[in-house]
Amino acid sequence: MNNPSSAARLRVRGLGHEFVRTRVLDDIHFELAAGELCALVGPSGCGKTTLLHLCNGLLDVQDGVIDNDFSSQASMFQQPRLLPWQSTLDNIALGLKAAGVARRERQQRARALALRLGLAASDMDKFPRQLSGGMQSRVALARALLLQPQLLLLDEPFSALDIGLKAELYQLLLNEQAERGMAVLMITHDLMEAVRLCDSILLMAAEPGRIVARYQLALPALQRDDAWVYQHTAELLQQPAVRASFGLPEHPARPPADGLAGGLQVQALPSSPGLPRAGRC
Amino acid sequence: MRLLRSVLGELPAYLWSGWGALCSLLLLLAAWQLASEHYGSLVLAQPLEAFAALGRFAEDGSLWQELLVTGRRALSGLALALLAGSLLGLAAGVSMTASMMSRPLVTVLMGMPPIAWLVLAMLWFGASDGTPVFTVFVAAFPVVFVGALQGTRTLDNQLREMALAMRLPARLKLFDLYLPHVFSYLFPAWIAALGMSWKIVVMAELLATQDGVGAALAVSRAHLDSAASMAWICAVVVLLLGLEYLFLEPLKREVERWRESGA
Numbered sequence: 000m001n002n003p004s005s006a007a008r009l010r011v012r013g014l015g016h017e018f019v020r021t022r023v024l025d026d027i028h029f030e031l032a033a034g035e036l037c038a039l040v041g042p043s044g045c046g047k048t049t050l051l052h053l054c055n056g057l058l059d060v061q062d063g064v065i066d067n068d069f070s071s072q073a074s075m076f077q078q079p080r081l082l083p084w085q086s087t088l089d090n091i092a093l094g095l096k097a098a099g100v101a102r103r104e105r106q107q108r109a110r111a112l113a114l115r116l117g118l119a120a121s122d123m124d125k126f127p128r129q130l131s132g133g134m135q136s137r138v139a140l141a142r143a144l145l146l147q148p149q150l151l152l153l154d155e156p157f158s159a160l161d162i163g164l165k166a167e168l169y170q171l172l173l174n175e176q177a178e179r180g181m182a183v184l185m186i187t188h189d190l191m192e193a194v195r196l197c198d199s200i201l202l203m204a205a206e207p208g209r210i211v212a213r214y215q216l217a218l219p220a221l222q223r224d225d226a227w228v229y230q231h232t233a234e235l236l237q238q239p240a241v242r243a244s245f246g247l248p249e250h251p252a253r254p255p256a257d258g259l260a261g262g263l264q265v266q267a268l269p270s271s272p273g274l275p276r277a278g279r280c
Numbered sequence: 000m001r002l003l004r005s006v007l008g009e010l011p012a013y014l015w016s017g018w019g020a021l022c023s024l025l026l027l028l029a030a031w032q033l034a035s036e037h038y039g040s041l042v043l044a045q046p047l048e049a050f051a052a053l054g055r056f057a058e059d060g061s062l063w064q065e066l067l068v069t070g071r072r073a074l075s076g077l078a079l080a081l082l083a084g085s086l087l088g089l090a091a092g093v094s095m096t097a098s099m100m101s102r103p104l105v106t107v108l109m110g111m112p113p114i115a116w117l118v119l120a121m122l123w124f125g126a127s128d129g130t131p132v133f134t135v136f137v138a139a140f141p142v143v144f145v146g147a148l149q150g151t152r153t154l155d156n157q158l159r160e161m162a163l164a165m166r167l168p169a170r171l172k173l174f175d176l177y178l179p180h181v182f183s184y185l186f187p188a189w190i191a192a193l194g195m196s197w198k199i200v201v202m203a204e205l206l207a208t209q210d211g212v213g214a215a216l217a218v219s220r221a222h223l224d225s226a227a228s229m230a231w232i233c234a235v236v237v238l239l240l241g242l243e244y245l246f247l248e249p250l251k252r253e254v255e256r257w258r259e260s261g262a
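Chains G and L, in that order, are what the protein sequence lines are. Counting along the first sequence from 1, when you hit position 30 you're at 29 in numbering that gives the first Met the number 0, and nothing is skipped either side. Counting along the second sequence from 1, when you hit position 19 you're at 18 in numbering that gives the first Met the number 0, and nothing is skipped either side.
Pulled out of the complex, with its shape left as it was, chain L reads as follows (with noise of 0.2 Å):
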């Protein structure tokens, strides 16, 4: 509760703050004018024809469906991801044995291309939905796991050493030293994991599915309709680009607070 009330406290200013952003956005849009007066609306339409475009499908209502079925598949395989990866992540960071196991593992996960993952789960689920999950799930869990892994390897040993000689109980011990801690790390993994899972589901859908935005995207180009490629790809990074930044950035703002030097 006063943690929503603070982030809805801050949020004014947070918001003021962004304009400087927004002028770099309008500024990509220029660029990107420029590109399609240069190269023309076949190869790379106008942000004027993409925008019809996409109110074209907001329209019709296939907009929000595709989206809904992107997002569906990209929040499961992330939530897997970052269930599977944080747990996982805690355990093997408590034992030394177990973090010197998995680090070189994990190193091969996360230099296993994305694309490489899609082949296979192509084979092993076909058309259905499992094969976006499981790659987003696969892509997505290194990253979450090498946070959490971090996160309790790290924890200070005098703080330790402090909550011993305190004898803080156990529950104690878990949420205010070892929680706070590790969270600093899981977070900005979960962030990142985020980013990728949406840019992988797009992926696996225009290569494996018949629904979702990557297949809209497949579609579209089948028709060589670049304003509704660009349409497609807009709709995918506005909604990002809304998550991470009128979300997650407030709240990580919010969560991590003590960081901030003062004084």
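Excised from the complex, chain G in its bound form (with noise of 0.2 Å):
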């Protein structure tokens, strides 16, 4: 039952992506297998966005290729983008309906994976002003998973949320992701948030956006506690091409060669066969 169609991929190869002969992206490579994981970090204003919106399809492909095998596909935004005319409830099943689903059947399933994610009964016929910002986010965590997608395309979906709520949804994700076998890829440019729940973290660096370094993180999320994720998070601090690409200043406290000894499964691949900037950082 679970990965149905393991061959499915998502393949980008050589993307590049220009606004007003601005270069904001350049040479991005990567492949995001199916059950897969990935986080893209990086400082702000280095296209994670934009490399999004074109694997989401919001925007048009200039340069390079994308191959996206996945049957289906599902967005979370930063904001919760409801619809503010329409119920929790409608608005869950909206991309049900919009597969045509019949509205007593949509509305159950809906309600069903409402329950499951922490929202309560009374909520359903609300409307999305009178919900916390963490029950929109609920809902709109809710309207992405209904469809049951292959790709699920997240960005920065809970970057406004208080850490408890955070763990709570992080856990939600993370078990729908184990339960379906869906690849997830997410942009955050919270270090701790990619150790804890990806199993591949891409690094991007600004001006033009392009990948510099690719970590892969062995655990599996769900067995990743507390001290293994600061423990991790503090490592890939050290990185100089992390800090490199942050901003940080050169010296860590720790010399990197230390924090990568003994064993530890943060290791540093170049992502691409090209990468030529990777020796830059």
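Just so you know, the hints here were simulated from the structure itself, not pulled from any lab data. Mixed in with the good hints there might be a few duds.
Computed from the model, here is a short list of chain G residues facing chain L with C-beta under 7 Å [to be verified]:
id: 1; residue: Leu-58
id: 2; residue: Ser-71
id: 3; residue: Ser-74
id: 4; residue: Pro-83
id: 5; residue: Gly-94
id: 6; residue: Phe-126
The C-beta atom is built at its ideal place from N, Cα and C for all residues, glycine as well.
Put the complex together from the two separate chains, hints included.
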């Protein structure tokens, strides 16, 4: 039942993009397989959102190729982006309505998922304005998950939430992901979030936006505890490429070589055959 | 159906909340009474005299007849304005160029006094129904047009992106995204247009036609019949108040329930 199409993947090759003659993305290569969680991290303005919009089909591809074999995809944005004139239930069921599912069935499925994601039965008929920010985020997550997408694209969906809510939504997301084996591509500038959730981390640098390093985390996300996450976040922060990309001072408290010693699972890999600028950092 | 049930369900509470409004209307009546006692009945008839005149008109049937004629003219002009204004406003809102081009034209239309249109209409349509209908149309049209234009132009880009990312089909985008948003701008414009058309039709009739409430007002003025004038004015105002508070306002509350801030 899991991984119905494990061969499906998202392949991005040689992707570049310009806005009014300003190069915002340059020579992006990466691959995302079914069941994989991948984070795009980088400083603000490095083109992460543009890259996600390209994967999402919201922008036309100018240079390079995006091969997307996933049969279905859903997105969640930084803001919940709910329709203010529709009830919680109708907002969640919007994707199913677009797919032509009958009203009774889509409401049933939306209600079941909403309850699982921690929404109360009394919230179902409320309008978005009557819900707190955290509840709105849950509704947005439910709207994306209800479609049972094979590929989930997340654009910093948790950045405005408090840490308790974040932890809860992380858990919900990971459980759903493990159950369905969907691929997740998420943007974040929170390294700890990336370390907590993802199997691989693509580090981007700005001007022009490009991938400068790739890190793999071997331990499955559901088995990571807080100590593991703190330790690996700290180690990631020691990486010269990370420090350079985020504009941190060059000399970390500990030399990076120490951080990577002792058989730890953070490894810097060249993410593509090219990657000529990796050495720059 | 759900809408109707909800509107009817909230009606008693809504009507109960009308006591406050009724109080201020009664205060207005008291002021009227005081003024008429001060200036005398010839200048300003007393409220009871006016109501008695109104009762006489109702008895001989002229009240209903004139109101019907006036209502027909106001509503035909209004319907034309709603239709043309909504459609053209939506169309203009979709295109940046069209909205930029239409903006100054609409400002000119809005700035033009209705009495000027009335003069033109009398030249073109004479003493027929066409004069009041056209005047109402031309005065209400820009109000509706601007409402539709703003509704289309102010659509949230984030929601549009969301709809695109969710691959919503065109029909769904229209009914679940564009129309509810536009409607929240259009509806207030429609109500404003209704109030306007009711006032303007009386003015047009007063100057240009032989029947209708406006014409009846002209006759009562010619007879220096203050009670009859006030009776006709009361009829027009009460009808407008009833339409707005018993029909449009509950409807508006229901369709804009999502705007009320909760939590």
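Verification of the supplied hints:
The interface hint given for Leu-58/G is violated, since its Cβ lies 10 Å from the closest Cβ of chain L, which is over the 7 Å cut-off. The beta carbon of Ser-71/G comes no nearer than 9 Å to any beta carbon in chain L, farther than 7 Å, and the hint placing it at the interface is violated. At a threshold of 7 Å, the smallest CB-CB gap from Ser-74/G to chain L is about 4 Å, leaving the interface hint in force. Given the 7 Å rule on beta carbons, the hint for Pro-83/G holds: about 5 Å separates it from the nearest Cβ of chain L.
At about 6 Å, the closest approach between the beta carbon of Gly-94/G and any beta carbon in chain L falls short of 7 Å, and the interface hint on this residue holds. The interface hint given for Phe-126/G holds, since its Cβ lies 4 Å from the closest Cβ of chain L, which is under the 7 Å cut-off.
Hint violations for this structure: numbers 1, 2, all remaining hints satisfied.
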